Amino acid sequence: MQRELRFQREADPEWARQVSERPGCEGLYSCLQCGACSGTCPLSIYMDFTPRRIVALVREGFRQDALRSRTIWLCASCYSCAVHCPRQIHITDLMYSLKREAMQTHLYPARLPIPVLAQEFHKMVGRRGRSSEFWLVLRMALRTNPLVLLGMARAGWDLIRTGRLSLRRERIRDIRSLYPATPRETA
Amino acid sequence: MMSGAYGYFPGCSLKGTGVAYEESLLALFRALHLGLAELEDWNCCGATSYMSIDERDAFSLSARNLTMTQKAGHRDLIAPCSACYLALRKTQDYLERYPKIAGGNGSLTSIRAVRVRHPLEVLYTDVGVERIRKTVARHWHGGRVACYYGCQTVRPYSEVDRDHDPVRMDELLGAAEIPTVDYSLKTKCCGGSLTGTTHDVGVRLVYILLKEAARKGAEAIVTVCPLCQYNLDAYQSEIRRSSGERLDMPVLYFTQVLGWALGAEIESLGLARAISGRKRIAQWFQPAEKEAYV
Amino acid sequence: MSERETVRIGVYVCHCGTNIAATVDVKSLAEYAGLLPNVVLSRDYKYMCSDPGQDLIRQDIRDRQLNRIVVASCSPHLHEHTFRTALKVGGLNPFYFHMVNIREQASWVHENRAQATRKAKNLVSAAVQRVAFHQPLERGRVAIQPDVLIVGGGIAGIHAALTLANAGKHVFLVEREATIGGHMARFDKTFPTLDCAACILTPKMSAVRAHPNITLWTYSEVTKVDGYVGNYKVTVLRQPRYVDEDLCSGCLECIEACVYKQAKVPDDFNLGLSKRRPIYIPFPQAVPQVPVVDPETCIQFKSGKCKTTCIAACGDRHAINLRMEPKEERIEVGTVILATGFQTFDAHRVPYYGYGKYPNVYTALEVERLVNASGPTAGEVVLRDGRRPEAVGIVHCVGSRDENTHRWCSRVCCMYSLKLAHLIKEHTGAEIFNFYIDMRTPGKGFEEFYQKLLTERVHFIRGRVAEVTDWALDPTEEGKLVIRVEDTLAGFVRRIPVDMVVLATGLEPRTDAPEVRRLFNISCASEGFFLERHPKLAPVNTFTDGIFLAGCCQGPKDIPDTVAQAGAAAAEALALIDAGYLETEPNTAHVEEEKCCGCKTCISMCPYHAVAFVDEIHKSRVNEVLCKGCGTCVAACPSGAIRQNLFEDDEIFAEIEGVFSNA
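In order, the protein sequence lines correspond to chains Z, L and A.
Numbering of the first sequence is given in our numbering, commencing with residue 235 and proceeding in unit increments.
Numbering of the second sequence is given in our numbering, commencing with residue 180 and proceeding in unit increments.
Numbering of the third sequence is given in our numbering, commencing with residue 27 and proceeding in unit increments.
It should be emphasised that the hints constitute simulated quantities derived from the structure, not laboratory data.
Some hints could be false.
Lysine to aspartate or glutamate pairs mimicking DMTMM-like chemistry, simulated, CA-CA at most 20 Å apart [what the hints assert, rightly or not]:
no.: 1; chain 1: L; residue 1: Lys279; chain 2: Z; residue 2: Glu335
no.: 2; chain 1: L; residue 1: Lys395; chain 2: A; residue 2: Asp500
no.: 3; chain 1: Z; residue 1: Lys357; chain 2: L; residue 2: Asp236
no.: 4; chain 1: L; residue 1: Lys395; chain 2: A; residue 2: Glu504
no.: 5; chain 1: L; residue 1: Lys194; chain 2: Z; residue 2: Asp392
no.: 6; chain 1: L; residue 1: Lys194; chain 2: L; residue 2: Glu219
no.: 7; chain 1: L; residue 1: Lys269; chain 2: Z; residue 2: Glu260
no.: 8; chain 1: L; residue 1: Lys269; chain 2: Z; residue 2: Glu255
no.: 9; chain 1: L; residue 1: Lys390; chain 2: A; residue 2: Glu504
no.: 10; chain 1: A; residue 1: Lys301; chain 2: A; residue 2: Glu271
no.: 11; chain 1: A; residue 1: Lys383; chain 2: L; residue 2: Glu350
no.: 12; chain 1: A; residue 1: Lys301; chain 2: A; residue 2: Glu279
Small disclaimer: the values here were computed from a predicted structure and weren't measured.
Next comes chain Z alone, as it looks inside the complex (with noise of 0.2 Å):
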């Protein structure tokens, strides 16, 4: 038997507040729920919940339904609901503040190659200052499914021959002076 029935115990209002409160976050209660934003979005019709309905989840404080969601990875920042939007919300804005909360409290789906590309990707330029592409999809491959680098065989091919694969490891000089120098939480 399926039932879905919220309580209000499973609402965290502070959160939302403390979400609305986050740079780019502030216009989260100005939500009219048009949809606008989904119905720009070219990813909506892949997400589980469309971006309107994450707000509508952030709002009301289901903070494990927006953090565990697979919406938040598919963003790929392109901004067109935050140039729709009648309220002027940057969406985008709150889609990586999610990202970044669903990272730290390792709410993302398990095995989904976006968050691990990400980690990745932010491993090599803070060890190197620069990605390599090559290695980045490599590694990415390795810790989720190594059967997709047959997929990109092909892709990877044309790129040798074209003389666009770099496999060299690139770094920079000065790698002491990529982050600034002093104490810092994580944000």
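Fit chains L and A to the given chain Z structure using the hints.
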């Protein structure tokens, strides 16, 4: 106007999959006698991935690049890759608007003295449509093209071009006698890195873009972003297999077509790096002596 | 010179229920006030504005021979008048009164009781020191000229004009277009009854024409307004129609006879959807029923070489006069009603909807003309290529409820979108989709109308349309306009191909509203609509006495509300006219002529043009009726020659000392 060279931020992509962009950009600027000085020891801009991990780290990356630009004495920093452009531009804006991002770190400040620019806008504003018209050295005899602007050059900031129905690339190409089509999807997202992570979704978005361009009568797509170029270029054989449609469309950088029209050395335009549409490219980009078009 | 009389002040501290008493210690405040100089008695009371409260004042004036009153309570905007009247009834000059606002300025802005009370004490001290210097003042009276000027001949102006004319007043109705009728003349049917707009409007238009008390000037504009409330001197510029209204019989044969056999000029009344000739009448029931010649397109004007068949067709009446000149009329009126209406939002400003790019995207007003039997397509709803639409999308909230264009809700669009859905369906049988965010149907019969549309099986999709595009994903979408929208209620994103898109554009202030405002010296709010004196209690008055508002120039509204407001404005004007006079506030400035050196600084400073230069004596003089008591000239005068009642130097300095006395 400008004296001296523009600061140039290639970004990781232009040294890898987008190397043809760098090649043609340098060739075009040479043809227009404009200077480009690559930023010493530049670091990755963080693209969209960094913002998913740590906000302050993300802005720190761009802050370092902007600080170095300022120290090098450049007023402008040209970032051809859309993601790099937006990362730098957004950093300037957000560090100013939301000081708390810096978390009390005084060295993380907005650097407004540097103007973050995109080569499309530089060509439109600093060079201008008229000068392009007058500098045409080769007359286009290729087909009609669809100008594809992508997202991050026109959203959320509209300094490069307006968000809905941008026309600057169309106008520049038009001045170089290259006919464009009315492409309704010119600012629809290509999926970015999704082709690498969520392949089916990414490829579907690419298919939509290619199909609509063809439906509108375009025989090639011209882009401003290396990731868009890669996405549209690298998966056409797969799309042919799965959709049964006959697609073999060249995906070129606007710097390549403009560079050709303005007389740059053909070998320096990176045309051999194309994956799709190679036959058409070979036909269209012949040297001046062989042209039949009057 | 003020006489040296013994000042006896009564201070009254109001609790205002708990509004003041909860934060300010009213008892200790009253005690404190009782010890101030010249204070004979000091009370605190629950509600000073009530009858017993006012009685207290009246009793005390009599019993204790008080000659100055201070009330510490709410804002003077609310009850200054009440208390001044109480003084008057008690036998004291009303201007021996001063009011202290310890509610908005102390109680409501503090959480700390001690701090609130201390501020209240300072304010009361200031008032007590000040009021000792108050002088008796008298209100002036201005006679009200009985004629009325109504600017704008839409339904608002028409209704107000008829109401006033029926009451026996003479009305000048000035309308910029060649005909009265306004936007309503363009509508087909009106919601929710589906009454034909022209059928209910034209009788009123004819009544205006026929009424002996109405002077109707169309094709005319107000260019200058001088004078002051009760005595406005207005200049009206009458543009030449090149056809004499008195001689014309309205046969319209001149239009038929025009050398242009094919109409070529875009017809403004039909929003460019059809063409007209250079000599034309805006629409068949135009009032006055007199053609207009457009000098920009008439051959005779451009080259002088026309056969002028129009003049020949007019024959013995000789009504056409191509040498007509603009004419200035000067009138004197006592009151003005502004009914200048609205304009529709320019749909080009939302490029995502494709207006101007895709030929089959229309605005709602254009569709009103299409469905209208006397419109450009004789009531046929056809696309620009002549096809009948099989599917129509109506997009709500275009240019409304949107930070990117206009924030406000335009109030009428949901209802007219329902109406257009019904009419289009009736005319074509097409499948109709309304895309809305909220359905706003509050008026009488409105919700029932929505129910009716639901049963007519019009699709109602709750989702704001993001884009209208020609991007086709499959053959069924080829050649159509595709609307991609999230159906928020059903819970998924949809692609809906339609043949025709109708944009429900909102209402906005007219582009020239700022000029009209400046002519009549009235204010507007941040969105640009003319500002009413109070949003709840004075919707037709402005802050300028004698000038009233009616209709959409004050804010978007439908026809029932417009007519109601027009009636209200007429009533307000009547009240003023029948009273015969207006009382003016005495807090005006005046020039002490011995001190005036004739430098004229004050004249250029006055925002109300209330100061004039009297050449004979080489001095400035303030017109007390125009003066609003802003104090600018008083401060600016280099000789200190200008004084202001109720803001004399000694009063102000006393107040300043009083404020610091407790610091």
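Exercise. What are the numbers of the hints the structure violates, in ascending order?
Worked result: 10
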